[in-house]
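Q: Single-letter residue listing:
There are 2 protein chains.
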Amino acid sequence: MATTNTQLFGYWRSSAAYRVRIAMNLKSLVAEQVSVHLVKDGGEQHSDAYVSLNAQELVPSLVINQAGKQRVLTQSLAIIEYLDEAYPDVALLPADLFDKSIVRAMAMLIACEVHPLNNLKVLQYLTGELNVDNDNKQAWYHHWLNEGFSALEKQLEQHSGTFCFGDSPTLADICLVPQVYNAKRFELDMSPYPNIERVNAHCLTLPAFINAVPENQADAV
Amino acid sequence: MATTNTQLFGYWRSSAAYRVRIAMNLKSLVAEQVSVHLVKDGGEQHSDAYVSLNAQELVPSLVINQAGKQRVLTQSLAIIEYLDEAYPDVALLPADLFDKSIVRAMAMLIACEVHPLNNLKVLQYLTGELNVDNDNKQAWYHHWLNEGFSALEKQLEQHSGTFCFGDSPTLADICLVPQVYNAKRFELDMSPYPNIERVNAHCLTLPAFINAVPENQADAV
Numbered sequence: 008m009a010t011t012n013t014q015l016f017g018y019w020r021s022s023a024a025y026r027v028r029i030a031m032n033l034k035s036l037v038a039e040q041v042s043v044h045l046v047k048d049g050g051e052q053h054s055d056a057y058v059s060l061n062a063q064e065l066v067p068s069l070v071i072n073q074a075g076k077q078r079v080l081t082q083s084l085a086i087i088e089y090l091d092e093a094y095p096d097v098a099l100l101p102a103d104l105f106d107k108s109i110v111r112a113m114a115m116l117i118a119c120e121v122h123p124l125n126n127l128k129v130l131q132y133l134t135g136e137l138n139v140d141n142d143n144k145q146a147w148y149h150h151w152l153n154e155g156f157s158a159l160e161k162q163l164e165q166h167s168g169t170f171c172f173g174d175s176p177t178l179a180d181i182c183l184v185p186q187v188y189n190a191k192r193f194e195l196d197m198s199p200y201p202n203i204e205r206v207n208a209h210c211l212t213l214p215a216f217i218n219a220v221p222e223n224q225a226d227a228v
Numbered sequence: 008m009a010t011t012n013t014q015l016f017g018y019w020r021s022s023a024a025y026r027v028r029i030a031m032n033l034k035s036l037v038a039e040q041v042s043v044h045l046v047k048d049g050g051e052q053h054s055d056a057y058v059s060l061n062a063q064e065l066v067p068s069l070v071i072n073q074a075g076k077q078r079v080l081t082q083s084l085a086i087i088e089y090l091d092e093a094y095p096d097v098a099l100l101p102a103d104l105f106d107k108s109i110v111r112a113m114a115m116l117i118a119c120e121v122h123p124l125n126n127l128k129v130l131q132y133l134t135g136e137l138n139v140d141n142d143n144k145q146a147w148y149h150h151w152l153n154e155g156f157s158a159l160e161k162q163l164e165q166h167s168g169t170f171c172f173g174d175s176p177t178l179a180d181i182c183l184v185p186q187v188y189n190a191k192r193f194e195l196d197m198s199p200y201p202n203i204e205r206v207n208a209h210c211l212t213l214p215a216f217i218n219a220v221p222e223n224q225a226d227a228v
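Chain order of the listed sequences is V and W. Position one of the first sequence corresponds to residue 8 (the working numbering), numbered consecutively onward. Position one of the second sequence corresponds to residue 8 (the working numbering), numbered consecutively onward.
Hint data in this document are derived by calculation from the structure and do not stem from the laboratory. Incorrect hints may have been included.
Since the list gives no way to pick out one identical chain from another, each pair is judged satisfied if it fits inside one copy or across any two copies.
To be verified - Derived SDA-like pairs: lysine to any residue, alpha-carbon spacing no greater than 20 Å straight-line:
hint: 1; residue 1: Lys144; residue 2: Tyr132
hint: 2; residue 1: Lys107; residue 2: Ile71
hint: 3; residue 1: Lys144; residue 2: Thr134
hint: 4; residue 1: Lys128; residue 2: Trp151
hint: 5; residue 1: Lys161; residue 2: Glu64
hint: 6; residue 1: Lys47; residue 2: Pro221
Please read these numbers as outputs of a predicted model, since none were measured by experiment.
Build out the structure end to end from the sequences listed, making use of the hints.
A: As C-alpha cells, this is what we get:
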C-alpha cells in the first residue's frame, strides 16, 4: 500500500480517523492524508463531493485504488479489521478466538458505548435542539466516559500487560488512546483509572501512536 | 455447542441480545436462555451476580463452559464475530475482504451510530438528568434513526439483493432487523426507506429471524 494509490480522508481531531492512523502506522502502511474539515463552512463532510464517497458523512474513509478499481472503506473498526486481514504481518488481534473476542469487546466498549455519545454531532444536537447548557454538556460527556472507563479499568486489571491485552498493541489500544485524548481535553479526572493511564502512557512512547496524535497532523490548528 | 454448556444472558427487548439470537439461530447453535430483566428492581443487569460476569452491566453475555474453563463473551458484535470464526459452516460475513468490510461497515453504522444513542440508559439520562420531555425524546430517537437509515438506504441501493448484501444473510441483516423492530415500536415513518423495509420483511420470513423476535422469547411480557 503506497502513497500513490491510497488516500485516508480524515480530520486531525476525529477520534475515528486517529484510530485508523495508529493502525496504519503499526503496520507501516502509508496513505495520502486528505483533510475533511468537520467544522469549517458547516462541515466539509456534508459537501456533495464527500457524500458521494461516504453516505454517512463521517470521517474516516479509506480509498484504495487497486487493479483499476476504486474501493471506499468506511467505519473505522471495519477499516482496521480489513487492514488486519489484508496485511497480517503485524497482527492487531490475538490468534486465539476467545482472546480475540476479549480484545474486540474492549474496542467495542469504546466504539459502541462511549464515543458515539460524545462525538461532535451529538454535542451539537444537545446544545442546539435540546438547549443543554455548558455544565450539563460537560456532565453528559463525563458520565459516558466514566461509565465506559470504569468497566474497561476492571477488564484491564484482569487482562492488561504493558498494553490493554498482554504485551502487544491491539485494536483495544487503538481505540483507547484517542478516547483518553478526548477525556483529557474535556478535563476528566483520570485518577480512578490507573491501568488506563498506565497503558495510554506506554502507548504514547511508541512512534506509531505519537505520529498519529491529532496535534502532529498537517491539518491541526 | 449444546444447551448444557452454553448460556446466553439476554432480555427479550434488548436489540443487542436479539442480534446474538439471530446469529445463533442462523448457525443452528443452541444455548440456554437466561433472562436479565433490564427494568425490574432498577435493572437486574446491575446486580452483583451479573456484574461479576459483565463489568459493563449490559446484555448480552455468552457464557461458554468448555474444557473445564468458563469463558464469558461480551459485546454483541464481538460475540457474533467469535461465533462466525468458531462455527464457520454458515458464514455471516463474505469471504472477499472488500465485501466483508462493506458488510461490517453496514453493521457498525447501526451498532456504532444509531443504537448507542437510542438505548435504554441514554433515554433514561435524557428524561432524568436532562429533563427532556416526551416529544423531544421521540424527536431525538427519530433523528438518529433517520440519519442512520438514510445512509444505510443508499448502501442497500448499491449492494442489496434479497438481503442487505447480496442474497445471503450477513452481520448487516442481523443488526438491521432489531433496529427496524425498534423503529416501528417508536413509530418511525419508514416510507423513505423502501430497501430497508423490503430486506427486513424478507428476513422475517425465515425461522432464524422469526424465532429471535422479542415477542417470541420466554421472558416477553
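Q: None of the hints should be skipped; say for each whether it holds.
A: Structure-based check of all given hints:
1. Lys144 <-> Tyr132: Both: 11 Å inside a chain and 12 Å across chains, each within 20 Å.
2. Lys107 <-> Ile71: For Lys107 and Ile71, only the inter-copy Cα distance (15 Å) is at most 20 Å; the intra-copy one is 27 Å.
3. Lys144 <-> Thr134: both (7 Å within a copy, 15 Å between copies)
4. Lys128 <-> Trp151: Result: close both inside a copy and across copies, 16 Å intra and 10 Å inter.
5. Lys161 <-> Glu64: Cα proximity of Lys161 and Glu64: across copies only (12 Å, versus 35 Å in one copy).
6. Lys47 <-> Pro221: The answer is within: 17 Å in one copy meets 20 Å, while 44 Å across copies does not.
This entry satisfies every hint, going by the numbered hints stated previously.
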